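Asks: Take the sequences, apply the hints, and build the full model.
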Amino acid sequence: MSSFYHKHYTILPNDYFNAGSASSDIKKTLKQLKVSKDIIKKVSVASYEAEINVVIHSFGGSVDLHIVNHTLYLQFTDSGPGIDDIELAMKPGYTTASEISRLNGFGAGMGLVNIKASADEMTLISDPNGTILKLKFFLHTEDANEII
Amino acid sequence: MKLSSLLELGYQVHTSVSLQDEFEGAYVGDLLSVVMKSAESGNLLVTILCNLNTVAVAVLIDIPVVLFTENDEVPQNIIDKANQEQIAIFSTKKKSVDVIKELVKQEII
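Going down the list, the protein sequences come from chains V and H.
Per our numbering, residue 203 is the first one in the first sequence, and the count goes up by one each step.
Per our numbering, residue 267 is the first one in the second sequence, and the count goes up by one each step.
Don't read these hints as lab results, they were simulated from the structure.
Please note: incorrect hints may appear among the correct ones.
Stated by the list, open to error - In silico SDA-like cross-links for lysine to any residue, where the CA-CA straight-line distance does not exceed 25 Å:
| # | chain 1 | residue 1 | chain 2 | residue 2 |
| --- | --- | --- | --- | --- |
| 1 | V | Lys239 | V | Met324 |
| 2 | H | Lys360 | H | Gly295 |
| 3 | V | Lys236 | H | Ile375 |
| 4 | V | Lys239 | H | Leu369 |
| 5 | V | Lys244 | H | Lys303 |
| 6 | H | Lys303 | V | Ser264 |
| 7 | H | Lys347 | V | Lys318 |
| 8 | V | Lys233 | H | Gly308 |
| 9 | V | Lys236 | H | Glu290 |
| 10 | H | Lys303 | V | Ala310 |
| 11 | V | Lys244 | H | Lys361 |
| 12 | V | Lys239 | V | Asp217 |
| 13 | H | Lys347 | V | Phe219 |
| 14 | V | Lys239 | H | Glu351 |
| 15 | H | Lys371 | H | Ser270 |
| 16 | H | Lys347 | H | Asn337 |
| 17 | V | Lys336 | V | Thr298 |
| 18 | H | Lys360 | H | Glu290 |
| 19 | V | Lys244 | H | Glu288 |
| 20 | V | Lys236 | V | His268 |
| 21 | H | Lys268 | H | Asn349 |
| 22 | H | Lys359 | H | Glu373 |
| 23 | V | Lys338 | V | Arg304 |
| 24 | H | Lys359 | V | Leu305 |
| 25 | H | Lys303 | V | Ala299 |
| 26 | V | Lys239 | H | Asp328 |
| 27 | H | Lys360 | V | Arg304 |
| 28 | V | Lys230 | H | Ile375 |
| 29 | H | Lys361 | V | Glu301 |
| 30 | V | Lys209 | H | Lys361 |
| 31 | H | Lys361 | H | Ile375 |
| 32 | V | Lys336 | V | Tyr275 |
| 33 | V | Lys244 | H | Gly308 |
Predicted model, so just to flag it, every value in this text is computed and none were measured.
Replies: Okay, structure coming up:
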C-alpha cells in the first residue's frame, strides 16, 4: 500500500516571535494523522531544534514534511551562509550563536546533538550557498496504516 | 496534582486556563534544548526563562504549566500566547531551587 502527504513551510531569519510555528503545525498535523505519541515527541524535538537553527543562523529557509508509506521525512533548506565545520558543529556544547539567541533560551550548542538523537536517520550537507538537513523517522506500521 | 495547588502556595497565576487542570512531576531548566530532551509530558516546568519560546516548547512537548522564577511580572504577549495554546503560566520572585524545596515539602512533586 502506498501513501503520500506533503506540507511546505517558510522560515524567516531572526524571527524569534514566530520561531517554532512550523514545528507546532507539524505536531498538530501528526496528531490529526493519529501518529503515536513517542514518534510525535521525537519529530517535534528535532523539528523545533532545526527550525530554530534556521532562524538563528541562516538567511532564511523552509521545511518540507513528507510522509511516504511508512516513513516521515523532514527536509530543512536554507540559503546560507552555511556551516564552516560540520564535525565541530556536531560536538555537544559547540556554538556560534549570538547573545540574542542565548537570551531566547538557545545557543547552548545542543541543537544538532538533540536532532541526531531524535531522528532515525540524519543527513547534513552545507556550503556557503546553503544548508540542507534531511531527517528520516520510521513510523510504526499501525501509524502508517492509520494515515492511509 | 491540580494547578490550584500552585495558587495555594502563593504563586501568581497569569492565564485563564482552568485551575482544575492537572500536572504530574516537575522539571527545572533554563536551556530549551535540554528542557526538550529531558522534561516529560505532563510535567510542571520551572524556569527563569520568561520568553515566548518557552511557551512554544511547552506546547511541543505537552507541558501543561510553566512557573517563571525570580520574576513575578510576565509580558502580555507571553500570557496571550499561553492562553491561546491553553498552557497555564505562574510566576514567583523565589529562586527555582527554593520552589522545588517547597513543592517537595508540600508533597506536590
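Asks: Compare the structure with each hint and give your call.
Replies: Now the hints, each set against the structure:
| no. | hint | in the structure |
| --- | --- | --- |
| 1 | V:Lys239 to V:Met324 | 21 Å, holds |
| 2 | H:Lys360 to H:Gly295 | 15 Å, holds |
| 3 | V:Lys236 to H:Ile375 | 31 Å, violated |
| 4 | V:Lys239 to H:Leu369 | 28 Å, violated |
| 5 | V:Lys244 to H:Lys303 | 9 Å, holds |
| 6 | H:Lys303 to V:Ser264 | 24 Å, holds |
| 7 | H:Lys347 to V:Lys318 | 29 Å, violated |
| 8 | V:Lys233 to H:Gly308 | 17 Å, holds |
| 9 | V:Lys236 to H:Glu290 | 24 Å, holds |
| 10 | H:Lys303 to V:Ala310 | 13 Å, holds |
| 11 | V:Lys244 to H:Lys361 | 31 Å, violated |
| 12 | V:Lys239 to V:Asp217 | 28 Å, violated |
| 13 | H:Lys347 to V:Phe219 | 10 Å, holds |
| 14 | V:Lys239 to H:Glu351 | 18 Å, holds |
| 15 | H:Lys371 to H:Ser270 | 17 Å, holds |
| 16 | H:Lys347 to H:Asn337 | 19 Å, holds |
| 17 | V:Lys336 to V:Thr298 | 21 Å, holds |
| 18 | H:Lys360 to H:Glu290 | 21 Å, holds |
| 19 | V:Lys244 to H:Glu288 | 24 Å, holds |
| 20 | V:Lys236 to V:His268 | 15 Å, holds |
| 21 | H:Lys268 to H:Asn349 | 18 Å, holds |
| 22 | H:Lys359 to H:Glu373 | 21 Å, holds |
| 23 | V:Lys338 to V:Arg304 | 28 Å, violated |
| 24 | H:Lys359 to V:Leu305 | 19 Å, holds |
| 25 | H:Lys303 to V:Ala299 | 19 Å, holds |
| 26 | V:Lys239 to H:Asp328 | 10 Å, holds |
| 27 | H:Lys360 to V:Arg304 | 23 Å, holds |
| 28 | V:Lys230 to H:Ile375 | 29 Å, violated |
| 29 | H:Lys361 to V:Glu301 | 23 Å, holds |
| 30 | V:Lys209 to H:Lys361 | 43 Å, violated |
| 31 | H:Lys361 to H:Ile375 | 17 Å, holds |
| 32 | V:Lys336 to V:Tyr275 | 7 Å, holds |
| 33 | V:Lys244 to H:Gly308 | 16 Å, holds |
When the structure is compared with the earlier hints, violations turn up for hints 3, 4, 7, 11, 12, 23, 28, 30 and for no others.
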